[in-house]
Amino acid sequence: GNSVTQMEGPVTLSEEAFLTINCTYTATGYPSLFWYVQYPGEGLQLLLKATKADDKGSNKGFEATYRKETTSFHLEKGSVQVSDSAVYFCAALSGGYQKVTFGIGTKLQVIP
Amino acid sequence: DAGVIQSPRHEVTEMGQEVTLRCKPISGHDYLFWYRQTMMRGLELLIYFNNNVPIDDSGMPEDRFSAKMPNASFSTLKIQPSEPRDSAVYFCASSRGTGDYSPLHFGNGTRLTVT
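The listed protein sequences correspond, in order, to chains H and R. Counted from 1, the first sequence has number 112 at position 112 by my numbering; the numbering is strictly sequential. Counted from 1, the second sequence has number 1109 at position 109 by my numbering; the numbering is strictly sequential.
No lab work stands behind these hints: they were computed from the structure. Every residue, glycine too, gets a C-beta built ideally from N, C-alpha and C. Mixed in with the good hints there might be a few duds.
To spell it out: a stretch of chain R is covered by chain H in this simulated footprint if at least three of its residues, at any positions, have a beta carbon under 8 angstroms from a beta carbon of chain H; those stretches are [to be verified]:
1) 1038-1048
2) 1102-1113
Ranges between beta-carbon positions, derived for each pair [unchecked claim]:
3) H:LEU13 to R:HIS1010: 30 to 36 angstroms
4) H:THR51 to R:GLU1083: 36 to 42 angstroms
5) H:THR20 to R:THR1020: 39 to 45 angstroms
6) H:GLU16 to R:SER1073: 44 to 50 angstroms
7) H:THR28 to R:ASP1057: 19 to 25 angstroms
8) H:GLU16 to R:GLN1080: 28 to 34 angstroms
9) H:LEU13 to R:ARG1022: 37 to 43 angstroms
10) H:ILE111 to R:ALA1072: 42 to 48 angstroms
Below, a list of computed lysine-lysine pairs in the DSS-like style, where the Cα atoms sit at most 30 angstroms apart [stated by the list, open to error]:
11) H:LYS60 to R:LYS1024
12) H:LYS99 to R:LYS1024
13) R:LYS1024 to H:LYS107
14) H:LYS99 to R:LYS1068
Modelling step: build the complete structure from the supplied sequences, incorporating the hints.
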């Protein structure tokens, strides 16, 4: 099966700092890759996705590029805001039936 | 679109009691997933259904856990008897099966505390 490894948190940044959250995966074939975000007291919601090598997913100022050669899908944002404070999950899907494998989650705290 | 609705939001029960968690998926979604989230193990897939039929229950931890989906608009996850180690947040999610990936839509979860 698939597995997803993400950097341990928590990550604490000042507002307007640059964000990187690392994610690597192991999978059979070429999985689709995702970042989900979880705000306090809520369920996860899709942030962005990439379905093939070299694709770049982007949303709300966040970006991630599907790197087949390094099996990575790192999340980046150029200038974080306090409202970005949340838990971020990297995820992979391959094969049928939409069975998604999630990483452990990385908590981001942005301070003013 | 009301989103995925879970009930209750919080459940506190004593060890040995039966617990039933409920989920109403988004109308038109034909996949339904039950996840468990803990600090130690992260997000674990327990079971998922396609068109009300259980497809993969390999993540269900023990026979104490069972899940049903009697119709397209309702699912339950039951724990009987409950134990303190079952304390976690349980999420239900649904998605629409298409040729391309359809994102998971999560409910707000049920926080279960077993004392």
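Is it true that the C-beta distance of GLU16 (chain H) to GLN1080 (chain R) lies inside 28 to 34 angstroms, as the hint says? At 51 angstroms between Cβs, range violated.
Pairwise beta carbon distance, LEU13 (chain H) to HIS1010 (chain R), judged against the given window 30 to 36 angstroms: This hint holds: roughly 31 angstroms between Cβ atoms.
Assuming the hint says 37 to 43 angstroms, is it satisfied by the Cβ distance from LEU13 (chain H) to ARG1022 (chain R) or not? holds (38 angstroms)
Examine the stretch 1102-1113 of chain R for residues whose CB is less than 8 angstroms from any CB of chain H, and state whether their number is three or more. holds (count 8)
Whether the CB-CB distance between THR51 (chain H) and GLU1083 (chain R) falls inside 36 to 42 angstroms: Given about 40 angstroms between the Cβ atoms, the range holds.
Could you grab the alpha-carbon distance between LYS1024 (chain R) and LYS107 (chain H) and see if it respects the 30 angstroms cut-off? The given pair, whose Cα atoms are some 28 angstroms apart, holds under the 30 angstroms limit.
Keeping to a limit of 30 angstroms between CA atoms, is the pair of LYS99 (chain H) and LYS1024 (chain R) held or broken? holds (19 angstroms)
Closer than 8 angstroms Cβ to Cβ for three or more residues is the test here. Does the stretch 1038-1048 of chain R pass it with chain H? With 4 residues closer than 8 angstroms to chain H, the stretch 1038-1048 of chain R meets the three-residue bar; holds.
Tell me if the beta carbons of THR20 (chain H) and THR1020 (chain R) are separated by a distance inside 39 to 45 angstroms. holds (42 angstroms)
Decide if the proposed pair is consistent with the structure: LYS99 (chain H) and LYS1068 (chain R), CA atoms, cutoff 30 angstroms inclusive. holds (18 angstroms)
Is the gap between the beta carbons of THR28 (chain H) and ASP1057 (chain R) within 19 to 25 angstroms? holds (22 angstroms)
Given the proposed pairing of LYS60 (chain H) with LYS1024 (chain R), does the C-alpha separation stay at or below 30 angstroms? Cα-Cα ~29 angstroms, so holds.
Checked against the numbered hints above, the structure breaks only hint 8 and satisfies the rest.
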